[in-house]
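S.K.: Whole structure, please, built from the sequences with the hints as guidance.
2 protein chains.
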Amino acid sequence: MLAAVRSALEELVKEKGSEYVTVPMIAERAGVNPSSIYRRWGDLPTLINEIATYRLDPARPLPDSGDLRQDLLAWAGELVTHYSIPVNAALLRAGAATAGEQESDCLRNRRSEAVMFVERAGAVIGSDEIIDHIVAPVIYRVIFAPWTLTGETAAGLVEQLFSRTP
Amino acid sequence: MLAAVRSALEELVKEKGSEYVTVPMIAERAGVNPSSIYRRWGDLPTLINEIATYRLDPARPLPDSGDLRQDLLAWAGELVTHYSIPVNAALLRAGAATAGEQESDCLRNRRSEAVMFVERAGAVIGSDEIIDHIVAPVIYRVIFAPWTLTGETAAGLVEQLFSRTP
DNA sequence: TTCCTAACGCAAAAGGGTTTGCTTTACGGA
DNA sequence: TCCGTAAAGCAAACCCTTTTGCGTTAGGAA
Numbered sequence: 001m002l003a004a005v006r007s008a009l010e011e012l013v014k015e016k017g018s019e020y021v022t023v024p025m026i027a028e029r030a031g032v033n034p035s036s037i038y039r040r041w042g043d044l045p046t047l048i049n050e051i052a053t054y055r056l057d058p059a060r061p062l063p064d065s066g067d068l069r070q071d072l073l074a075w076a077g078e079l080v081t082h083y084s085i086p087v088n089a090a091l092l093r094a095g096a097a098t099a100g101e102q103e104s105d106c107l108r109n110r111r112s113e114a115v116m117f118v119e120r121a122g123a124v125i126g127s128d129e130i131i132d133h134i135v136a137p138v139i140y141r142v143i144f145a146p147w148t149l150t151g152e153t154a155a156g157l158v159e160q161l162f163s164r165t166p
Numbered sequence: 001m002l003a004a005v006r007s008a009l010e011e012l013v014k015e016k017g018s019e020y021v022t023v024p025m026i027a028e029r030a031g032v033n034p035s036s037i038y039r040r041w042g043d044l045p046t047l048i049n050e051i052a053t054y055r056l057d058p059a060r061p062l063p064d065s066g067d068l069r070q071d072l073l074a075w076a077g078e079l080v081t082h083y084s085i086p087v088n089a090a091l092l093r094a095g096a097a098t099a100g101e102q103e104s105d106c107l108r109n110r111r112s113e114a115v116m117f118v119e120r121a122g123a124v125i126g127s128d129e130i131i132d133h134i135v136a137p138v139i140y141r142v143i144f145a146p147w148t149l150t151g152e153t154a155a156g157l158v159e160q161l162f163s164r165t166p
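The listed protein sequences derive, respectively, from chains A and B.
Just so we're aligned, residue 1 is where the first sequence starts under the numbering used here, counting upward by one.
Just so we're aligned, residue 1 is where the second sequence starts under the numbering used here, counting upward by one.
Be aware that one or more of the hints could be misleading.
[Claimed, not checked] Below, computed lysine-lysine pairings styled on BS3-like, alpha-carbon distance capped at 30 Å:
{"id": "1", "chain 1": "A", "residue 1": "K14", "chain 2": "B", "residue 2": "K16"}
{"id": "2", "chain 1": "B", "residue 1": "K14", "chain 2": "A", "residue 2": "K14"}
{"id": "3", "chain 1": "B", "residue 1": "K16", "chain 2": "A", "residue 2": "K16"}
{"id": "4", "chain 1": "A", "residue 1": "K16", "chain 2": "B", "residue 2": "K14"}
Honestly, the hints are just simulated from the structure, not real lab data.
Note that this is a predicted model, so its numbers are computed, not measured.
M.R.: If you want it as structure tokens, here you go:
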């Protein structure tokens with residue numbers, strides 16, 4: 001059932017936007033009963049939040065070429081590719097609405113990945129800078145200006161980050 | 001009526017989060033009839049989007065000291081101050097959910113302001129860089145990690161932007 | 001002042017979302 | 001195999017949201 005609900009939600013969120021999706025809609029598309037969804041998740045925002053979280057597998061292998069810049073380039077490209085898929089972008093937007101005072105899972109993973117890169121490379125660059133100047137611009141574009149997200153976005157951001165004076 | 005609805009929505013969005021606000025709630029708090037809201041805005045997402053837009057007055061005077069860096073610093077500080085107010089942050093998050101294929105008004109203004117700075121200063125820096133490395137990090141923090149938004153955030157970002165090799 | 005129009009209040013009705021009690025199914029351990 | 005438990009289906013009831021028709025009010029133009 002989880003799988004059916006997940007893909008139903010993904011489809012609907014892409015088709016209509018998360019504000020216009022309802023529990024009965026999801027239930028019908030998933031071939032389950034609305035009451036099953038209510039019992040399991042309580043309400044729609046909770047459901048959306050949970051589904052939006054289980055994306056971009058935290059256990060996937062990270063780039064490890066030995067060169068920080070190379071790795072960041074691959075990693076950023078991965079990020080862009082992921083959110084270029086409309087479903088993922090829509091879920092991110094939905095997650096943004098429910099984010100708030102505590103860190104949302106969506107991005108905790110991104111932060112910890114950034115920390116790992118930095119530690120592995122020996123702090124030539126700060127993890128905050130990776131978040132501010134690579135992750136943030138990408139996420140910002142995904143949410144507010146998806147059409148500015150291109151194949152060159154990732155490379156451009158990494159290059160700018162590395163062109164700063166040391 | 002617009003004013004009453006606006007402040008009612010702002011209060012409720014701050015109290016409950018935008019997902020849990022309904023039209024009748026807003027109507028009651030604003031002292032108006034729900035049907036008036038429906039006739040004027042059509043539905044809740046539209047209302048939220050419009051209210052979230054009319055913030056950070058587009059007609060306000062922009063910093064103009066003659067020095068680009070100085071101006072950007074003041075401008076970024078304004079942005080941070082604005083979104084440090086919980087109501088404004090909540091409205092931004094709500095707006096994020098409804099943003100999508102066309103540019104949301106929330107940030108069109110920011111973009112045009114950036115363009116103005118660049119033109120006035122004679123293109124020593126690109127407007128895209130201002131968006132990517134100042135606006136985006138701020139907005140990202142507002143939405144996903146509000147507690148990382150401090151008094152030094154704006155200054156730090158501007159400094160980093162200017163420390164790049166020309 | 002009078003008329004016209006647009007916006008709002010009011011109330012009833014329609015529609016859809018949510019809750020709830022009960023039944024049925026599926027799975028795992030005696 | 002035979003329970004016992006947890007999850008899901010089903011259907012009815014409940015409640016809130018949304019729509020709609022109509023009366024009222026406010027503001028502007030003749």
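S.K.: State for each hint whether it applies.
M.R.: Status of the hints after comparison with the structure:
Restraint check: the Cα-Cα separation between A:K14 and B:K16 comes to about 26 Å, which is no more than 30 Å; the hinted pair holds. A distance of roughly 27 Å separates the Cα atoms of B:K14 and A:K14; the hinted pair therefore holds under the 30 Å criterion. Using a Cα cut-off of 30 Å, the hinted pair B:K16 and A:K16 holds, with the two alpha carbons roughly 24 Å apart. As the CA atoms of A:K16 and B:K14 are separated by approximately 26 Å, the hinted pair is consistent with the 30 Å bound.
Checked against the numbered hints listed earlier, the structure breaks none of them; every hint is satisfied.
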